Amino acid sequence: QKEVEQDPGPLSVPEGAIVSLNCTYSNSAFQYFMWYRQYSRKGPELLMYTYSSGNKEDGRFTAQVDKSSKYISLFIRDSQPSDSATYLCAMSLAGGTSYGKLTFGQGTILTVHP
Amino acid sequence: DTEVTQTPKHLVMGMTNKKSLKCEQHMGHRAMYWYKQKAKKPPELMFVYSYEKLSINESVPSRFSPECPNSSLLNLHLHALQPEDSALYLCASSQSGLARETQYFGPGTRLLVL
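Heads up: the sequence lines are chains B and H, in that order.
The numbering used here numbers the first residue of the first sequence as 1 and each following residue consecutively.
The numbering used here numbers the first residue of the second sequence as 1001 and each following residue consecutively.
The following block holds chain H by itself, in its conformation from the complex (with noise of 0.2 Å):
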């Protein structure tokens, strides 16, 4: 089973709100990886947890706040988000967070922000 699986789907919040994007996958990875990704663009890489600890905050605002509570659980805290945050945010994992591995991709939260 290669399968990252992300919730929800899509999501539409004001401003002012405070939601959760969650990521999960049961492959016995131990790094796990946060993009944003906007229209026609490539990934951006936002934030990596290997085994459980942050290793690479790609200077994300702080509206933006990881959390990995396992090691098969990622979850995106977002709060008082701007419009220009709209974007599809991918998860990915990976053995261990090696240059060499491959990273497996979740289909992704489409993100509004009104």
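Pulled out of the complex, with its shape left as it was, chain B reads as follows (with noise of 0.2 Å):
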């Protein structure tokens, strides 16, 4: 069983409609739960981060991490064209000698049509 889980897709949704991405992990130790986005032959970009529980909004961006449940949750409102990307979830321990080391998810392939 991998680390983290994450359907890799591919996700085709129209124009304007609300996406949800998941992620489920199975090391409770994971406090640091981030979404990157990554257009193709691009390197990744921090969307969102959120330490332990809770929900954090951005714009047309939430994040939601749900530690009981060991479950994480993106989601896009009004989706755009541009949304269209991989998206991935990492996630890092606290202290120790894990340093900065991101656990990442397989990422899901989204494309917004128009």
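No lab work stands behind these hints: they were computed from the structure.
A quick note: this is a predicted structure, and the numbers were derived from the prediction, not measured.
We put the beta carbon where it would ideally sit given N, CA and C, even for glycine.
Please note that a few of the clues may not be correct.
As the list claims (entries may be wrong) - On the chain H side, residues computed to face chain B include the following (Cβ under 8 Å):
#: 1; residue: Met1027
#: 2; residue: Ala1031
#: 3; residue: Tyr1033
#: 4; residue: Ala1039
#: 5; residue: Pro1043
#: 6; residue: Cys1068
#: 7; residue: Glu1101
#: 8; residue: Gly1106
#: 9; residue: Pro1107
Given two chains presented individually in distinct reference frames, assemble the corresponding complex, making use of the accompanying hints.
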């Protein structure tokens, strides 16, 4: 079993739809949770960062972390064709010798069509 | 400025060649990372440097040799690579290497080994 599981999709939605992306994880020691967006042939770009459980909103994006269920989500409201990309969840442990080691999900390929 | 730059953008090399990938950041970060990303897969951590010292080596073959000449620069020296080493090589940086920090990724070098 992978430490972080993410449905690879692909996911195709019409413009304006609400998109829900999810990851589950097995290691309860993860404390920091991130969502990265990666356009084709580019490096990952940080979208959202959350510490421990809770919600965080930034414009059309909302990140949720439920540590009791070991489940994180990213919601995209009013999706746009420019949101078409691969979305990677990532998480890291607190302290110790893990330094900044990120554990990534497999990535979900999202296409928003006009 | 949250930019991490990488050169070259593309590299084609034979299995007997020696080449180097370069990464630079001017954000004052003291931790720098090399990741390898195969097509449709998430980035895999290779090395972490923190304060110019190698902190993490994820059991990477010795044909990959990292070097951190100063806090702004990170190199990856390549020698006797195999075709399966063809991938996108990503550099990232963060404040000091702690788990809670945001990692900023460069655009990557796309490597093809013939």
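Hint by hint, here is what the structure shows:
A cut of 8 Å between beta carbons decides the hint on Met1027/H: the least distance to chain B is about 13 Å, and the hint is violated. Residue-level restraint check for Ala1031/H holds (minimum Cβ-Cβ distance to chain B is 6 Å; threshold 8 Å). Proximity of Tyr1033/H to chain B holds as hinted, the smallest CB-CB distance being about 7 Å (cut-off 8 Å). Interface hint at Ala1039/H: violated, since its Cβ lies 10 Å from the closest Cβ of chain B, which is beyond the 8 Å cut-off.
Among the interface hints, the one on Pro1043/H holds; its C-beta lies about 6 Å from the nearest C-beta in chain B, closer than the 8 Å criterion. For the restraint placing Cys1068/H at the interface with chain B, the shortest Cβ-Cβ distance is roughly 14 Å, beyond the 8 Å limit, so the hint is violated. For the restraint placing Glu1101/H at the interface with chain B, the shortest Cβ-Cβ distance is roughly 6 Å, inside the 8 Å limit, so the hint holds. At its closest, the beta carbon of Gly1106/H sits 5 Å from a beta carbon of chain B; the interface hint therefore holds under the 8 Å criterion.
The closest approach between the C-beta of Pro1107/H and any C-beta of chain B is roughly 5 Å, which is under the 8 Å cut-off, so the hint is satisfied.
Hints 1, 4 and 6 from the list above are not met by this structure, while the remaining hints are.
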